[in-house]
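Could you slot chain B onto chain A? The hints should help.
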Amino acid sequence: MATKTRPLRLYSKRFYHSYDHPAPGGPFPAIETSILRVSTPHIPTHGFTNTSLSLGAQDAGYLPASTNLFPRGAFSLVHYYLYTQRLALAAHTNITAADAVGENGYVMGVGGKVRALVWERLMANKAVVHRWQEALALMAQPSNIPTSLKELAALSDEIWFLAGDKSVDSSWYTKRASLSTIYAATELFMTTDKSADFIDTREFLDRRLGDVKVVGGAVGSVSQWVGFTAHAGINVLRSKGVRI
Amino acid sequence: MSILATQRRSLIVSHTLYDFLAPSLVQTIRTSRVRQCRRCLSSTSNAPAAVASDASPNSSKPKKPLSAIQREFLNRALRVNQAGELAATLIYATQTPPIVNSHPHLRPLMKHMYDQEAGHFGTFNELLAKHRVRPTAMYPVWTFAASTLGWGTAIMGREAAMACTEAVETAIGGHYDEQVRELVNMVDEMERQGEEVGEELRELTGTIRRIRDEELEHLDHAVDNDAKEAKPYELLTGVIKAGCKSAIWISERV
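Sequence order for the protein chains is A and B. Position 17, counted from 1, in the first sequence is what full-length UniProt numbering calls 17; the numbers after and before it change by one each time, with no gaps. Position 125, counted from 1, in the second sequence is what full-length UniProt numbering calls 125; the numbers after and before it change by one each time, with no gaps.
This is chain A alone, in the form it adopts within the complex (with noise of 0.2 Å):
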């Protein structure tokens, strides 16, 4: 029934970017935001709970019971934690910058800056992947998934940008769809990942992304047939005096 009563202002859809006047704050109001900023600290202890939320509550001067604030209670951590780490990507400029080197001391690609940028993104959940499956948990409640769903499309989004990709045609939407499956994925397998340094979640995702790059080759290679063919025939028929 909260959920009813007082919905947070759940998502501000993305629209045009404007650089000269740049569109106001997030999903989030103040209040509601002071509170989520000094709960995030508890989640390595108290995890994506209510508990987190009230303690954080007590952090920024409320009532414990603030936590009524949140309709949809410890999703409202979840979200705000996905919105801030997203966001939070801008700032590795030693990878967005277009002449940023890799590991292997080349200058990166686009697909090297979308695989540093994951990287990097994964690793800001190092601290807190023992609580992740109860986040992941959350995400998937049947009235969470729009939200969870519309973020990771927002990540995706956000990579791909940073990366510099400037595609605007129909590979717009199949970058962002492999992306956003991989990195779900990779999320997920990170969960169980006990190697050191996540050694095994950095090859999981080094494969996936390998897989992707198969795959997008040959459709690449096929329809580059495809093409040539079809343009070749019709010169050829055009050559013989065939008004097409």
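Some hints could be false.
Label pairs and their in silico Cβ distance ranges [stated by the list, open to error]:
hint: 1; chain 1: A; residue 1: 145; chain 2: B; residue 2: 155; range: 48 to 54 Å
hint: 2; chain 1: B; residue 1: 148; chain 2: A; residue 2: 191; range: 48 to 54 Å
hint: 3; chain 1: B; residue 1: 233; chain 2: A; residue 2: 229; range: 35 to 41 Å
hint: 4; chain 1: A; residue 1: 216; chain 2: B; residue 2: 155; range: 34 to 40 Å
hint: 5; chain 1: B; residue 1: 249; chain 2: A; residue 2: 149; range: 24 to 30 Å
hint: 6; chain 1: A; residue 1: 37; chain 2: B; residue 2: 249; range: 40 to 46 Å
hint: 7; chain 1: B; residue 1: 68; chain 2: A; residue 2: 111; range: 31 to 37 Å
hint: 8; chain 1: A; residue 1: 169; chain 2: B; residue 2: 107; range: 27 to 33 Å
hint: 9; chain 1: A; residue 1: 188; chain 2: B; residue 2: 177; range: 49 to 55 Å
hint: 10; chain 1: B; residue 1: 119; chain 2: A; residue 2: 19; range: 19 to 25 Å
Covered stretches of chain B, as calculated for chain A (at least 3 residues, CB under 8 Å) [as the list claims (entries may be wrong)]:
hint: 11; region: 72 to 85
hint: 12; region: 97 to 110
hint: 13; region: 119 to 129
hint: 14; region: 136 to 148
hint: 15; region: 198 to 209
These are calculated hints, taken from the structure and not from any lab test. Being a predicted model, the structure only gives us computed values, none of them experimental. Glycine included, each C-beta is placed from N, C-alpha and C at the ideal position.
Same frame as chain A, now just chain B:
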């Protein structure tokens, strides 16, 4: 201060009441979007602007965020423009071989028109990437439809191809004209409110105005090349114009 506050409150109240009681009224007015923009600006900007000027009287004009309606307008405008230029580029590209084959003297004209369209397409591609606007999901559909249209009319002959150009450029020119009008209104409104407009919007207005003029120039070329003599002229141009309008409607949304 209290007067200001009550004024503001009454403005907000009337604003919400208006929306709530008469949503259909808002929608039926043709220029609703412009009016809504004005309403948003006038109902929200009074107090913050006054505060800003009190706090720092010598600072430059305030830069307010664009309202949701304004951003949605720009979003739609850029998306539909890119789709339109994609189609135009493909129409000329597929028209050129059959037309040049039967009428070699049209080669320079076709090349000139194609080059301009390709330039427009590049401009909008850059703008979409820069402003993070989603391209239309109908991209493959428009690619196919525009290629078929260009090739089909070229096979029907020079007059039909020119009639196609005429119909397309009439629809597109009118559409750009509407956009320019709305952008100019937006900029005027910002200036009247004493806000900084910024290079971004001025440049965009200039770009769209220039592109509109070039599209209308293509229209003149088409008419000069006997577009009116195409055989079912009314039917052909009517169908293409209707197609363009529905394509614009769809591309603005998906």
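Status of each hint after checking the structure:
Range check, residue 145 of chain A to residue 155 of chain B: Cβ separation about 50 Å, and the 48 to 54 Å hint holds. One distance hint, 48 to 54 Å for the beta-carbon pair residue 148 of chain B and residue 191 of chain A, holds here, with the actual separation near 50 Å. About 37 Å separates the C-beta atoms of residue 233 of chain B and residue 229 of chain A, a value consistent with the hinted range of 35 to 41 Å. Against the hinted window of 34 to 40 Å, the Cβ-Cβ separation of residue 216 of chain A and residue 155 of chain B comes to about 35 Å, which satisfies the hint.
Range check, residue 249 of chain B to residue 149 of chain A: about 27 Å between beta-carbon atoms, so the 24 to 30 Å window is met. Checked against the hint of 40 to 46 Å, the C-beta distance between residue 37 of chain A and residue 249 of chain B comes to roughly 43 Å, which is consistent with it. Here the CB-CB span from residue 68 of chain B to residue 111 of chain A is close to 35 Å, well matched to the stated 31 to 37 Å. For residue 169 of chain A and residue 107 of chain B, the Cβ-Cβ distance of about 28 Å falls inside the hinted range of 27 to 33 Å, so the restraint holds.
At about 51 Å, the CB distance of residue 188 of chain A to residue 177 of chain B agrees with the hint of 49 to 55 Å. Range check, residue 119 of chain B to residue 19 of chain A: Cβ separation about 23 Å, and the 19 to 25 Å hint holds. Counting residues of the region 72 to 85 of chain B whose beta-carbon sits less than 8 Å from any beta-carbon of chain A gives 5, enough to reach three: the coverage restraint holds. Note: the region 97 to 110 of chain B has 4 residues with beta-carbon separation from chain A under 8 Å; the three-residue rule is met and the coverage holds.
Restraint check on the region 119 to 129 of chain B versus chain A: 4 residues with Cβ-Cβ distances below 8 Å, three needed, restraint holds. Coverage of the region 136 to 148 of chain B by chain A holds in this model, with 3 residues showing a Cβ closer than 8 Å to a Cβ of that chain against a need of three. Coverage of the region 198 to 209 of chain B by chain A holds. Counting CB-CB distances below 8 Å, 4 residues qualify, and the rule asks for three or more.
Violated hints: none; the structure is consistent with every hint.
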